[in-house]
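Since the structure of chain A is already known, use the hints to place chains B, C and D on it.
Listed below are the residues making up each chain.
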Amino acid sequence: MSLTLNEEQQLLKDTAREFVQKNAPISHFRELRDLNDDKCYSQDLWKKMADLGWAGILIDEEYGGSNFGMVGLGAVLEETGRNLVPSPLISTALLGASLIQLAGNENQKKDLLPKISEGKLTTALALDEGARHDPLNISTFCVKKEKNLVLEGRKTFVVDGQSANLLIVVARNSEPNNKEESDASRSMYLVDPKKPGVKITKISMVDSRSYCEIIFDKVKVNEEDRLGEQNVVGIIDDVLERAQIGISAEMLGSALEAFDQTIQYLKDRKQFGKPIGSFQALQHRAAHMFSELELTKSSVQGALNAIDENSNDKSRYASLAKFKAGETLNLVSNEAVQMHGGVGVTDEFDIGFFLKRARVAEQIFGSSDYHLDRYAVLSEY
Amino acid sequence: MSLTLNEEQQLLKDTAREFVQKNAPISHFRELRDLNDDKCYSQDLWKKMADLGWAGILIDEEYGGSNFGMVGLGAVLEETGRNLVPSPLISTALLGASLIQLAGNENQKKDLLPKISEGKLTTALALDEGARHDPLNISTFCVKKEKNLVLEGRKTFVVDGQSANLLIVVARNSEPNNKEESDASRSMYLVDPKKPGVKITKISMVDSRSYCEIIFDKVKVNEEDRLGEQNVVGIIDDVLERAQIGISAEMLGSALEAFDQTIQYLKDRKQFGKPIGSFQALQHRAAHMFSELELTKSSVQGALNAIDENSNDKSRYASLAKFKAGETLNLVSNEAVQMHGGVGVTDEFDIGFFLKRARVAEQIFGSSDYHLDRYAVLSEY
Amino acid sequence: MTNLENFRQETKDWLNENCPPEMRKPGDVSWGGRKARFSHPDQEIWLERMGQKGWTCPTWPKEYGGGGLTKEENKILQEELFAIGARPALASFGIWMLGPALLEFASEEQKLEHIPNIVQGKIWWCQGYSEPGSGSDLASLSTKAVLDGDNYIVNGQKIWTSNANYSDMIFCLVRTGSQEPKHDGISFMLIDMDQPGVDVKPIKLISGKSPFCETFFTDAVVPKSNLIGEENKGWTIAKRLLQHERSMISGMGLSAGGTSKKKISGLAEMAKRYVGVDGQNRLGNPFLRGKVARHDINSRAFSLTLQRMGEEMKSGGPSATASMGKYYGTEQNKLRYEIMLEAMGFNGLGWEGEPFSPEELAVTREWLRSKANSIEGGTSEINLNVISKRVLGLPD
Amino acid sequence: MTNLENFRQETKDWLNENCPPEMRKPGDVSWGGRKARFSHPDQEIWLERMGQKGWTCPTWPKEYGGGGLTKEENKILQEELFAIGARPALASFGIWMLGPALLEFASEEQKLEHIPNIVQGKIWWCQGYSEPGSGSDLASLSTKAVLDGDNYIVNGQKIWTSNANYSDMIFCLVRTGSQEPKHDGISFMLIDMDQPGVDVKPIKLISGKSPFCETFFTDAVVPKSNLIGEENKGWTIAKRLLQHERSMISGMGLSAGGTSKKKISGLAEMAKRYVGVDGQNRLGNPFLRGKVARHDINSRAFSLTLQRMGEEMKSGGPSATASMGKYYGTEQNKLRYEIMLEAMGFNGLGWEGEPFSPEELAVTREWLRSKANSIEGGTSEINLNVISKRVLGLPD
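Chains as they are written, first to last, in this note's numbering: chain A, 363 to 743; chain B, 363 to 743; chain C, 3 to 398; chain D, 3 to 398.
Be aware that one or more of the hints could be misleading.
Unchecked claim - Simulated pairs of lysine to aspartate or glutamate, DMTMM-like, Cα-Cα distance not exceeding 25 angstroms:
1) C:211 to A:496
2) A:632 to D:398
3) A:561 to C:354
4) D:274 to A:731
5) A:580 to A:496
6) D:274 to B:496
7) D:336 to B:712
8) D:336 to B:422
Said to hold, decoys possible - Derived Cβ-Cβ restraints for the label pairs, each shown as a range:
9) C:283 to A:368: 49 to 59 angstroms
10) A:536 to D:282: 24 to 34 angstroms
11) A:674 to D:70: 33 to 43 angstroms
No wet-lab data here; the hints were simulated from the structure.
Even glycine gets a Cβ: it sits at the ideal position worked out from N, Cα and C.
With the rest of the complex left out, here is chain A (with noise of 0.2 angstroms):
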């Protein structure tokens, strides 16, 4: 395994730089958040990501896609977090594009996955149900009733599920109240958002991005919604890594740049007649936080490449880098605060919005104490 990256690779990431240090710095975020509209993130960006490749980066060619692979979408990721750009990239050219080109039957993928790498599709995951990630605790189900299926839910703390044009949604074949063993089958099914029965509520959160709870009412859906075989648990739980191992590159993008934006203010901010990064205790707190950002780097960069090169380790890859990313994250997000003072706790500094996002990001697809007991029991102990 590499934990470099090659030529094209590192071609990708300088474009993706280059990209959003143009279009979406930070200050695009800043506008979207002051605009405060359900949607979140910019509908024209996202179309020119997808010009450049990057809403089919995990797709394969024969479907529109770039096939870059997730050390690719990890590459892009990264810069986005670095400027902290709302954008489908995790709900749709990662998670809705890969539970689609895994589980999908090929009518399902023909029909989709052209749509997904055009831009013109984006997709939502709906599985959690609770005020914490845990795939496995769902009561939303799909079951047969007279002619047609029916699905009965609620889901919450939906990513960007707002603004999808297309509803993946995770359910028992049974009611939670069966208590089978078959009880442990999950489907998915493609919902129309529009469709009768289903009622989305936007919820606002601290880091400004889209999240959303929704209702699933008797909602009406036929054989051919299903999103592929009957019982797709391995495949979400796949998938499920894939995510955590992307949203940990965007988190260390975010470290990565609220660490330099607090190392240049420490060269900048002057009292005491010198620069505050001339005092030896801020700077051992910061020659920490570089070490600990270096970890961070090589767990993200292992566990992208252990998906691309499918290791059988590729689950504990997974959890590293998610907890380090989370654990990394909160470390700098809170010194950056601090060590930029009280212009540090203003809003109109960029600073305190790394804060807001790294709680949130700690907690989508599980917070660094899921991953910590999810380590250990991969491990065996």
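Same frame as chain A, but now just chains B, C and D:
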């Protein structure tokens, strides 16, 4: 509850400090260590301590004690802890005296307590049987066989067991395979270490204090050897809490001394043309340690008071004190060695002694993890 | 009956008669001021009665309107107030910070002019210390006051002035002497904000709230009689006042419940509510359980430490160890909110509206607000400097 | 067959023929030297054969006795050595530290004289850097070398000289110029220890072992030809060598098993053995379990980081980020022993004899030994300084 010493207590503490500085500075411990004898403490010194009233510090005046309470004993232990003085203060003046006074019948008290007060009798509590403090989990038992009570089992890491004139052995009242409810009951027996069937083996630990393993091989005992009633679980728990607090006071003293020596070293040692204590990174770490030491002082003082005032929250106070003392002494002993640099890891310097003592003291009467868990359980979560 | 027993009975009787029923429930506390607004008519009555009696500042001398109580009497008063669940009649920087400094440094005339107004809540005071270029390095401040006849003319800018938009007057550090040596040209003066030369602009924080302002002085006029102490000797007053500020902030950590007589802490209780318990009624997530227990232990040890320091304080007023309290208390408070967020998951991260409860939304905002705790009133770094130099005697 | 495939086959064949059976088992590794002692005759044979082939230093140039292998060939050699479980033929500071410095800074004659002896393990080298008054502030050293005809006469004292009591020669920093500016009067020279002017006294550590010595020079004689580089220009060599030392030490953390392909780490395995498991085969103490998992994760992240840095290193030799590795690796290693102690309870605190197993006693001693890791070869503090100044560019 007052957290400051009254005049009498302050006088006792000042006396203890002077006494220890004069009679048992750290060089005294070093000599004992280099002698490597089995007793690990100076009998002369113990006689002098007894003359000052310390052996009987928890003993009622009618049995020859000075009845100064735990606050008094804590003040003395803090000072002996400062100089790492090995003595039977905990094994005899705290554990032995308390167990006999609280559990013993009048004959036992009249017989034994005056001898303890005079410094003529030393005791050891033989309780734990494994590599960590676990008072509920013992196999040693004492049951009637034919005419006699027979004591059988193996105790280990017994503090001061090799030098004690009298062992206080905690035993089940039934054989360990007896699963009846009565199983939870425990008795204590007073056993002469020279009795047939008692086999004592020294255990050499990193802190060069006295520990041993004791095997009781069908040791015959009488009803009169039982210390008080047949079930004294409550008293054992009460006295263990005293011991937890007592050793916390000793650990606090050790931490304060290691800290003071380190601050002095920071002022004296010059590198780059100035005292290393002028480097801000070390200053901030020192200031943080100071804060933790202040919290530990208050916790220990609160806990000592809680015993003397028989607070109904004394169990939590015991875990509060032992947890803080353990964490703070570990922090300070590690930092002390690191801040001393190269000389800190040489045997010639005293500072390493604090490191060695810290880890053993942490294990005695329950590690920091043990007390963290215990504090949460007592707080109903 | 001893004097103290007597005093207790009198206090009981007085409170019984004078504390309005509404003020015996929890609720917001008045900050007084010229334009004082009260959320309930009883609040005004309560403030007036307590102010008249001087019990808003129970231990301050009677001649300046204070309660004139001894330490022991004050303890009894606080116990009796607690017993009936009485709300404080007044909160203010005048009580916590300016008043003690005036008592120590002001002239007799100044005391007579300003202290009774503090006691009775007639003036809402704010603090003008920091400037954009002078945060931790407070003494480098450059707001200038030039004497012109009987008045100083003040020009410059202050920042982090708490609630300046509601305040009547500001106690200010200004430069009356040269910039170097920087500590020697600073004066401490009282400026009336109700004049054309003073402008105030609220600062929006990451929490979305604006508890602080920027305050601009453009030829603001300050009578010479509002100079406290000597010209150019204000730094001594400033330092003393900072100690009062630090003690005040470190005391805030107390509300975290370390001393509560309840078995279970608020933190553990809320964590159980959000995370659930295992078969033995232990908090369901063992890692979180460890963090909560560690925080509970440290909160309690910290409360005990504030108590002990209070007992050890021989002379009045806070010592350099106030820095320890400020440092540790604010770091603990920040950690407390971090643990709450961990316990609450997404529920602790709401910004507004459904599905969050008002309490949940308050946690998010307070978590963000807590980040300023270790910055305002002297950063953690400055306080660690003070401990290492003034308490431990480590060299420069 | 490609060249590399060819090379692999040749290597396999050579090892098959030349690696003695005893050397295919774990065991101690020879440090060579004039008075080399071998725990088994095969050890001597193995050292001689590998030394002749230059494979003790596989990538060093052939003209100085090295293996002359490319990076890719060396990788194959290491894989084949690993495949048969071969023990290293030689361990030495010559290989890790002095050799790379000589290759970079020494004259052709000096290389020809000293490097082959390093490769073949003929000389046991130790390092003479620190002095009692010059630890972190290494450049303040005062051991003096004065030129007298063709020789330098050296007087002074070095400390922390590893295994000086077994060493044949010492590479030393000495002062040949003035004390100020302190970096400019330092020279790097090689001193034969087998002479009356050199005395060695072992230092007993808290672990009870004596891996270091004090080394005293009293009119020790050093031929002028043993000066490496220019007189008074030794500091450049010294810094470079420190980087090699730091990379070497940070690499040691690897043995902590971060890269192990086994599911469970050594730490977790041993913790399970001492603490037991719960009904779901999880480590019995959940607090300890969290610490173990965190340490495992960080060990693995650290291993990956060393790998990545290796890949990123364009030019040969370590960079300033070696300081990061030294800092983090040694702190991790210390923490690892602390966790082991927690898991083992009293069993991890034995000093000697029963009831402790030899492995348990080794843990106690290694725990104590680990405390020096963050001091030797540049303290953690010095390495944090280097990171903040040279990597992050923070000002003085």
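Each hint, compared with the structure:
1. Annotation: proposed proximity of residue 211 of chain C to residue 496 of chain A is violated, straight-line Cα distance about 33 angstroms (limit 25 angstroms).
2. For the proposed pair residue 632 of chain A and residue 398 of chain D, the alpha carbon gap of about 13 angstroms is at most 25 angstroms, so the pair holds.
3. Our distance criterion of 25 angstroms between C-alpha atoms is met by residue 561 of chain A and residue 354 of chain C, whose separation comes to about 20 angstroms.
4. Distance check on the hinted pair: residue 274 of chain D and residue 731 of chain A sit about 20 angstroms apart at the alpha-carbon level, within 25 angstroms; holds.
5. The straight-line distance between the Cα atoms of residue 580 of chain A and residue 496 of chain A is roughly 23 angstroms, inside the 25 angstroms bound, and the hint therefore holds.
6. Distance restraint check for residue 274 of chain D and residue 496 of chain B: the Cα-Cα separation of roughly 17 angstroms lies within the 25 angstroms cut-off, and the hinted pair is therefore satisfied.
7. Restraint check for residue 336 of chain D and residue 712 of chain B: satisfied, since their Cα atoms lie roughly 20 angstroms apart, inside the 25 angstroms limit.
8. Between residue 336 of chain D and residue 422 of chain B the alpha-carbon distance is near 47 angstroms, which puts this suggested pair outside the 25 angstroms criterion.
9. Checked against the given bound of 49 to 59 angstroms, the beta carbons of residue 283 of chain C and residue 368 of chain A, roughly 55 angstroms apart, stay inside it.
10. Judged by the Cβ atoms, the range 24 to 34 angstroms given for residue 536 of chain A and residue 282 of chain D holds: they are separated by roughly 26 angstroms.
11. The hinted window of 33 to 43 angstroms between residue 674 of chain A and residue 70 of chain D holds, with their beta carbons roughly 38 angstroms apart.
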